[in-house]
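*Asks:* The primary structure of each chain is shown beneath.
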Amino acid sequence: MSSFTFSLRAPPDQRLDLSPLTPQNLAGKSVAEVASIELQTTRVRITAGDVFRIHEGDPAAIVIEGGSARFDRVGMGLTAGSIHVDGEVGAQAGRLMSGGLLTIGGAAGPFAGSGMKGGTLAIEGDAGERLGGPLSGETAGMSGGLIHVRGAAGERAGDRLRRGVILIEGRAGPYAGSRMIAGTLAIGGEAGDLPGYLMGRGTILIGRGATLFSPTFADCGEHDLVASRLLAAYIGEASPKLARLFRRPLRRFAGDMAALGKGEILLPRP
Amino acid sequence: MPELTANGIAIDDTFAEAFDMRATALVITAPTERWAKQAAETMTGFATSVIGCGCEANVESVRSPEQTPDGRPGVRVLMFAVSTAELQKQLQSRVGQCVLTSPGSACYAGLDSGEDKLKLGDAIRFFGDGWQIAKRLADRRYWRVPVMDGEFVCESTTYLTKKAVGGGNLIVMGESPAKTLLATEAAVEAMRKVADVIMPFPGGIARSGSKVGSKYKGASASTNDRYCPTLKGAVDSALSPEIGSVLEIVIDGLTSEAVANAMRTGLAAIIEIGADRGALRVGAGNYGGKLGRHHYHLKDLLP
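Respectively, the protein sequence lines represent chains P and W. To convert, take the position in the first sequence, counting from 1, and add 31; that gives my numbering. To convert, take the position in the second sequence, counting from 1, and add 777; that gives my numbering.
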C-alpha cells in the first residue's frame, strides 16, 4: 500500500498546527474526515483539505509533499509509523514523540524534538534553536530516542537533555548542551561559545572545538574509551562521520564544575 | 548390559539424567584475546560443581571483534546455579573480583532474553565511589567505572534463564588411562564447538565421578566405587575386566536441546576414534530417573 500523501496546494497564509496529522490519528478515518481536520492557529478556520490535496494510502506512512516554515508541530506526539516532510518545517517538529520515524527533508525551526521520549527524528537541513529542549516551565528536555541533524543547529541544542542521543553533523550555536541532565550530544563541526554550560551529567563530543570553552571544565587528558566505542557502534549506521570521531583518542574535560560536574566534553584528536 | 556397538565401542542402553538449573551468560572483552580469556578463566576458576563451588561456569566460545558490543576481542562465559539468589551472589562476587580487576576488561550481558534479570554493573558500580557514570543506548544501559587503567565498562544487567539444564554426561570407559583420555579429550574438543553449553570440569573432564551418600557422616557424596577400576574385583562393579580407566564429561546447557546436541557431538567424536585407539565403552550417569526431569538416552543420540 502506498503512503498517505498530503500535497501542498499553496503556501499557507497563517501558521498551521499539523500535530493532528499523525498515523495514530489518521487510522480508520476516511479521506473526507481527514480533509475536515482543522489546522488553523488563528481565528480563520482552515482544514487539511484546504491546505493539501489528499491521496489516501497507508496511514502508518504519511508523506507531506512541499514544506513551509509555517508548518508547526509536525509529527507531535508520534508513537509509531513514519512521517516524511518533503521540505522545511516550523517550530516544535517531533515534539513529545515517543516512537516511529519523522524525517524532515529541509530545515526545521526552533524546538525540534522538544521533550522527545523515543523514536527517531532526522532533519536533512539545519535545526533552529533549542533542539530537543524543554518549553518554558518544563524541567527536562529530550528524554529518549535519537535526533539526527545533517546540517547545523542553533543556540542551546540539547538544552536540559536528560536521556537519548542528539547528533549534529555540522556546527552548533552557543551554549550547546546547556544544563544537560544526562544523555549524549555529538557535534561534527565547531560549537559556539560555552558548550556544556552548567551541565550536570552526560557526554558532549565536539569535532572541531568551540569558539570559547568555559574554564569550569577540567582537563582529564587523552584516552581511548571503551564507552566511546559503544557510542560509535550505536550511531555508526546513522552517522558514519560522527562514529569515526568517537573512535579517535578523545581528550576528556570533566564538568561543568560550576554545577554537578559529572558530565564530560570529549574532543577527538585532530 | 552392552547391547549396541558402534565402531567397536559398546554403547550402554542407559541414559544421562539431568536437572533444571538457573543460568546466565556474559561477554567479556579486552584489548587482546589473551586478556579477555584471562579475565574469563579467572572468573570461572573453582566453578566445577554447584555442590562445592556455588556455581558451574566456563568459557563457552571465543568471540571475534565483530561479534562483541565494543568491537574488541572477547569470550562468552556461561554460569549455572541452583537458585536465582545463588547465581546473583556468584555473578557479583566473581565479576567484582576477577573481571573488574583484569586489565582492560569490559563486561556485557551474554543473553538477549530470559525470564528474569540479574544485576551486573548495577552491583559493581559502587566501586566507582560516586565517580561512576551510566550511559544508556537504546534499551541497554552501561556503567563506566573509573579504574587505574581507564574505565571499566559493565552493562547494568544481564538476563537469567530458568530453562537451563545441568548434569548431562557421558561416561567414557577404556582399556588404559591414556586411551580413555585420548577419546575423552577428542569428545570435549568437538563439544566445545556446540553453542550454549559448557563442560565445567578441568579441561571439560572429571575423573572423580561420585555417588550419592557416604559411609562417613557429613559427606553427601563419595567416590563412585562401581566405576573405579582398582576396585572392580572387590565391589559390585559396573566394569568388565578389560576396562582399566573411566572418565566423565559433565555438560551444562542453556537449553535441553543444547545438552543433547553436545552429547550427540561427543559420542560421534568418541566413535570416530574407534575402540582400537580410544574408548571401549560409553555409558551415562543417572539416579534411576527419579531425581532429574531430563533424560538423554544414549541410543537416541548415536550418529
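Hint data in this document are derived by calculation from the structure and do not stem from the laboratory. For glycine and all other residues, C-beta sits at the position ideal for the given N, C-alpha and C. The reader is advised that the hints may include incorrect statements.
[As the list claims (entries may be wrong)] Here are the simulated distance ranges between beta carbons: (1) P:Arg282 to W:Ala955: 44 to 52 Å; (2) W:Ala955 to P:Arg275: 25 to 33 Å; (3) P:Gly59 to W:Lys940: 39 to 47 Å; (4) W:Glu966 to P:Thr170: 38 to 46 Å; (5) P:Ala58 to W:Lys1076: 31 to 39 Å; (6) W:Lys940 to P:Asp224: 36 to 44 Å; (7) W:Arg811 to P:Ala289: 40 to 48 Å; (8) W:Lys970 to P:Gly59: 49 to 57 Å; (9) W:Gln869 to P:Glu221: 54 to 62 Å.
[Stated by the list, open to error] Calculated cross-link-like contacts (lysine-lysine; reagent style DSSO-like; alpha-carbon spacing at most 27 Å): (10) P:Lys293 to W:Lys970; (11) W:Lys814 to P:Lys148; (12) W:Lys992 to W:Lys814.
*Asks:* Is 36 to 44 Å right for how far apart the beta carbons of lysine 940 of chain W and aspartate 224 of chain P are?
*Replies:* About 57 Å separates the Cβ atoms of lysine 940 of chain W and aspartate 224 of chain P, which means 36 to 44 Å is violated.
*Asks:* Within 27 Å, alpha carbon to alpha carbon, are lysine 293 of chain P and lysine 970 of chain W?
*Replies:* This hinted pair is violated, its Cα atoms lying about 44 Å apart.
*Asks:* Can the suggested window of 39 to 47 Å be confirmed for the beta-carbon pair glycine 59 of chain P and lysine 940 of chain W?
*Replies:* Taking Cβ atoms as reference, glycine 59 of chain P and lysine 940 of chain W lie about 41 Å apart, which means the hint holds.
*Asks:* Checking one constraint from the list: CA of lysine 992 of chain W to CA of lysine 814 of chain W, max 27 Å. Satisfied?
*Replies:* Since the Cα atoms of lysine 992 of chain W and lysine 814 of chain W sit roughly 41 Å apart, the hinted pair is violated (cutoff 27 Å).
*Asks:* Do the Cβ positions of alanine 955 of chain W and arginine 275 of chain P conform to the proposed distance bound of 25 to 33 Å?
*Replies:* violated (56 Å)
*Asks:* Taking the CB of lysine 970 of chain W and the CB of glycine 59 of chain P, does the distance hold inside 49 to 57 Å?
*Replies:* holds (53 Å)
*Asks:* Within 54 to 62 Å: is that where the Cβ-Cβ distance between glutamine 869 of chain W and glutamate 221 of chain P falls?
*Replies:* For glutamine 869 of chain W and glutamate 221 of chain P the Cβ distance comes to about 45 Å; the hint is violated.
*Asks:* Just tell me: holds or violated, for the beta carbon distance of arginine 282 of chain P and alanine 955 of chain W against 44 to 52 Å?
*Replies:* Taking Cβ atoms as reference, arginine 282 of chain P and alanine 955 of chain W lie about 60 Å apart, which means the hint is violated.
*Asks:* Between alanine 58 of chain P and lysine 1076 of chain W, does the beta-carbon spacing fit 31 to 39 Å?
*Replies:* Since the Cβ atoms of alanine 58 of chain P and lysine 1076 of chain W sit about 57 Å apart, the hinted range of 31 to 39 Å is violated.
*Asks:* Take a look at whether the Cβ-Cβ distance between arginine 811 of chain W and alanine 289 of chain P falls inside 40 to 48 Å.
*Replies:* holds (44 Å)
*Asks:* Taking the beta carbons of glutamate 966 of chain W and threonine 170 of chain P, is their distance inside 38 to 46 Å?
*Replies:* With Cβ atoms ~60 Å apart, the hint is violated.
*Asks:* Holds or violated: are the alpha carbons of lysine 814 of chain W and lysine 148 of chain P at most 27 Å from each other?
*Replies:* violated (39 Å)
Against the hints set out earlier in the document, violations occur for numbers 1, 2, 4, 5, 6, 9, 10, 11, 12.
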